[in-house]
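Student: Required output: the full structure, derived from the provided sequences and hints.
Those sequence lines, one after another, are chains Z and Y. With this note's numbering, the residue at position 211 of the first sequence is 221, and numbering never jumps. With this note's numbering, the residue at position 99 of the second sequence is 104, and numbering never jumps.
Please note that a few of the clues may not be correct.
Facing chain Y, a subset of chain Z residues (Cβ under 10 Å, in silico) [stated by the list, open to error]:
no.	residue
1	Gly71
2	Ser108
3	Lys109
4	Ala193
5	Ser194
6	Leu195
7	Gly198
8	Ser201
9	His207
10	His300
Quick list of simulated restraints, FRET-style, between CB atoms [as the list claims (entries may be wrong)]:
no.	chain 1	residue 1	chain 2	residue 2	range
11	Y	Trp169	Z	Leu34	28 to 34 Å
12	Z	Leu113	Y	Asp283	38 to 44 Å
13	Z	Asn114	Y	His157	31 to 37 Å
Hints listed in this document are in silico derivations from the structure and should not be mistaken for laboratory results. Source: prediction; values computed, not measured. Ideal Cβ positions, reconstructed from N, Cα and C, are used throughout, including at glycine.
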Amino acid sequence: MNKKRKIADILVNIWMRIGLYLLLSIPVFIVIGLFWKAGPLLKSQSLANLLFSSRWSPMKGEFGFLPFIFSSAYVTVLAFLLSAPLCLFAAIYLTQFSKQRLLNFMLPVIDILAGIPSVVYGVWGILVIVPLVSDGIAPFFGTSSSGYSLLAGGTVLAVMCIPYMLNMLIEVFHTIPVGMKEASLSLGATSWEMVKHVILRKGFPGIISAFGLGISKAFGETIAVLMVVGNTLNISLSPLKPGYPLPALIANNYGEMMSIPDYDSALMFAALLLFVVILIINLFFRYFIHKGEKV
Amino acid sequence: MNSMTLSYQSQLTARRAVSQNEIKVSELKEAAPIVEIKGLNVRTKDGEILKNINLEIPKNKIVVLLGPSGCGKTTLLKSLNRLTDLHKELKVSGQILIDGQDITKAGQNLANMRQKMGLLSQRPFPLPASIYKNVAYGLKLKGIRSKKLISHSVETNLKRVGLWNEVQDRLKSPANSLSIGQQQRLCLARGLAVKPTIILADEPTSALDPISTKIIENLFKDLKKHYTIILVTHVLRQALRLADHVVFMYYGEIIEQGHPDDILKNPKTKILKKYLIDGN
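Tutor: Spelled out as structure tokens, the structure:
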């Protein structure tokens, strides 16, 4: 009996270790694969040229990724700016001020929103956001736009990020002890002061985590953005102009034009770039989470 | 002969006790009540938590709310500074007069009203900030901006709770780096800094070791010279050690109240008798 228990213990231990190492090895293998595939391009061109050149002409062997990086960053920041404050205040309201009934109603709605396939958001973007930009927002600012723009991409992305961020923020605010809120209120804080000094401070690492998740999701999102962003090389600060984010470049071109030398390698480099940026975003947010946890 | 002597002695003791009780009751009645609760009911959709509570709490005394878990002690305590408002499912009716002002009425300045009542919870809840900022928090909410005044208050109140020597060289450290006992004293210092008139203490020593418990109890004995303390506990010995007046609650009702020597040593109701026997 004792021997059996010992063997079972060893087997479970080995199984857990194998599972853990398998999980940890996945991103390592992805990076190795992408790096290996992007190798020919990295050998023929300098990294600075790839990252900071805006010339994109695969036929001539010019692979400047700047317009793609710019578009990706632009729609991500736009999506973040549109969704983060909305999610933050909605989560605060739902967890601190609203009736339990409203929260109970909202939770399944948020889950449904998270479960909608991104292509549906893309279609919604084409049917609603693109005409809104072309017929409403652009004329309002005295300019014209086809509607397929960075703004449309950012808006669709924002809507897509909301359920993830909101869900996480609600979870974060629920973990803040009621006693801490009571302590703040009993010292004479108003509801807003309590939110500012307790909820936002105590929840800071969680808020940062939720924002990090939202930004990572936005940066890597492909289909919905591809459908509304215009997919045109462009470096313009105007949100009404079209753009071409990195994931759209990969999705639009992979499997095609493989006869062009280094094109395959360039797309793999784009994927590697996406991976590295998301890693940097996560490390950046992790730093703030760690800093916030010390308080 | 012996039985006669005994009965005479017991009568004498009883008379003495009665006269002592009269003195104690009259002492309590002499002090004007700082808190008057009239017909307080708290209910949820599932039932009543507090049923027709009528209670007068005199100034500068320690009033202990005693009773088994779930009898409504904490709800009664939290009704006094309207922290029950945080729980939307609670319906509160009746009157709570603090210094003659009904705090249950709409339009009350809740923040000002709550500052009159320092809260010490079961577990210490330091705010997510430094030791210094925890004590300074209430003062800043009061609108005090002078760094000199704030620093003076931080030092005074930390000294008052016997924490100054332990933390004076690490005031900027996070408050949660302190031990639980120190955190509880910090929370008391934080509450005292806003100069309340009443201290609401909800089983403040339940998470503490005996030494920290003794420190808090001694502090309460000292603080009652200047504050009214309403203490929730279900530790009978603590009630005996600290209370000037004990209120025994059971299933949302006040069953008995009086001087601890009376009601804890000579309970009148069966419920309290049983509680005391089980509790001992």
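Student: Hint by hint, work out which the structure violates, then give me just those numbers in ascending order.
Tutor: Violated hints (numbers, rising): 1, 10, 11, 13; every other hint is consistent with the structure.
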